[in-house]
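Residue numbers (my numbering), protein chains in the order written: chain A, 1333 to 1449; chain B, 1333 to 1449.
Don't read these hints as lab results, they were simulated from the structure.
One or more of the hints may lead you astray.
For chains that are exact copies, the list does not tell them apart, and a pair is met inside one copy or across any two.
[To be verified] No farther apart than 20 Å at their CA atoms in a straight line, the calculated lysine to aspartate or glutamate pairs in the EDC-like style are these: (1) K1445 x D1410; (2) K1399 x E1422; (3) K1401 x E1412; (4) K1444 x D1410; (5) K1399 x E1340; (6) K1405 x E1423; (7) K1399 x E1348; (8) K1401 x D1362; (9) K1445 x E1412; (10) K1344 x E1423; (11) K1399 x E1342; (12) K1399 x E1423; (13) K1337 x D1410; (14) K1344 x E1412; (15) K1344 x E1408; (16) K1444 x E1340; (17) K1337 x E1408; (18) K1337 x E1422; (19) K1405 x E1342; (20) K1401 x E1340; (21) K1445 x E1340; (22) K1344 x E1422; (23) K1444 x E1412; (24) K1444 x E1408; (25) K1344 x D1410; (26) K1344 x E1424; (27) K1337 x E1348.
Here are the chains, one letter per residue:
Number of protein chains: 2
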Amino acid sequence: MQVGKWSEVEAKGVSEPGASGVTIRVLMGDNVSAPTFVMRHFEVAPGGGTPYHSHAWEHEVYVLSGKGKVRRKGGETDLEAGSFVYVAPEEEHNFVNIGTAPFVFLCAIPTKKSYVR
Amino acid sequence: MQVGKWSEVEAKGVSEPGASGVTIRVLMGDNVSAPTFVMRHFEVAPGGGTPYHSHAWEHEVYVLSGKGKVRRKGGETDLEAGSFVYVAPEEEHNFVNIGTAPFVFLCAIPTKKSYVR
């Protein structure tokens, strides 16, 4: 068992092209030898956003605080604390802060070794 | 893509022996054909707790609100909003509300089809 607080985990800037003002903390992944999936904590600064992209794995997102939106091909939906978002494999998406405080969410993905389709 | 709020998802009582005052909402699972893992939302009433047990799959837990503790063989740790807990496969554990408000957390598990060891 491993117990911690999100704020104790090292924060890293996301430098992927298209990312702006995004910080990631990997809460449970390689550090706990997670077999199947990885839970990450994201903070997006006001005016910032994650890259608009797609990939072969899914996301399961839960919003902790702030105001944001998720964008997809042909639409977007506002998000707030308590919102959840399932992004299917290969679906285009990004997350944008539309408020004045940090937009904070959990985003879980499969581990590489569990990712077999 | 599927977007929702936790409060819009049907709440079900947990009737497993040893559970007391526990409500579950499956936010992302069969409803979104989740390939690899399932995100569930739990509320534990004051004085309540989840069963003390073990099983062959892992948990990844993130506490949203309230005061609780996680118990394991030989120890326990207090939890509050922002705490996370990794419970390894086969590790004994339960979650108990030690406060006066609901103890609320996310708990993700692998899907049955991804659960191959």
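*At most 20 Å between C-alpha atoms: does K1399 with E1342 qualify within a copy, between copies, both, or neither?*
For K1399 and E1342, neither the intra-copy (24 Å) nor the inter-copy (24 Å) Cα distance is at most 20 Å.
*Quick one: K1444 to E1340, C-alpha cut-off 20 Å, is that within a copy, between copies, both, or neither?*
Classified as neither: same-chain Cα gap 25 Å, cross-chain 32 Å, threshold 20 Å.
*Are the CA atoms of K1337 and E1348 at most 20 Å apart within a copy, between copies, both, or neither?*
Close neither inside one copy (26 Å) nor across copies (29 Å); limit 20 Å.
_Up to 20 Å CA-CA - E1412 versus K1344, copy category_ = The answer is neither: 23 Å in one copy and 24 Å across copies each exceed 20 Å.
*asked:* Checking an output row: K1399 and E1348, CA cutoff 20 Å. Within, between, both or neither?
replied: neither (22 Å within a copy, 37 Å between copies)
*When no copy is specified for K1399 and E1423, does a C-alpha distance of 20 Å or less occur within a copy, between copies, both, or neither?*
neither (22 Å within a copy, 37 Å between copies)
*Up to 20 Å between alpha-carbons, please classify K1405 paired with E1423: within, between, both or neither.*
Within one copy, since 8 Å is at most 20 Å while 42 Å is not.
*20 Å Cα threshold - placement of E1340 relative to K1401*: Close across copies (18 Å), not inside one copy (27 Å); limit 20 Å.
*Is the C-alpha distance from K1344 to D1410 at most 20 Å within one copy, between copies, in both cases, or in neither?*
neither (26 Å within a copy, 27 Å between copies)
*Is it within, between, both, or neither for K1337 and D1410, if the alpha carbons may be no more than 20 Å apart?*
This pair counts as between: shortest inter-copy Cα distance 11 Å, intra-copy 27 Å.
*Same-copy or cross-copy closeness of K1405 to E1342 [CA-CA at most 20 Å]*: Neither, since 33 Å and 29 Å both go past 20 Å.
*Taking 20 Å as the upper bound on the Cα-Cα distance, should K1445 and E1340 be classified as within, between, both, or neither?*
neither (27 Å within a copy, 33 Å between copies)
In summary, the structure is inconsistent with hints 1, 2, 4, 7, 8, 9, 10, 11, 12, 14, 15, 16, 18, 19, 21, 22, 23, 24, 25, 26 and 27 from the numbered list given earlier, while agreeing with the others.
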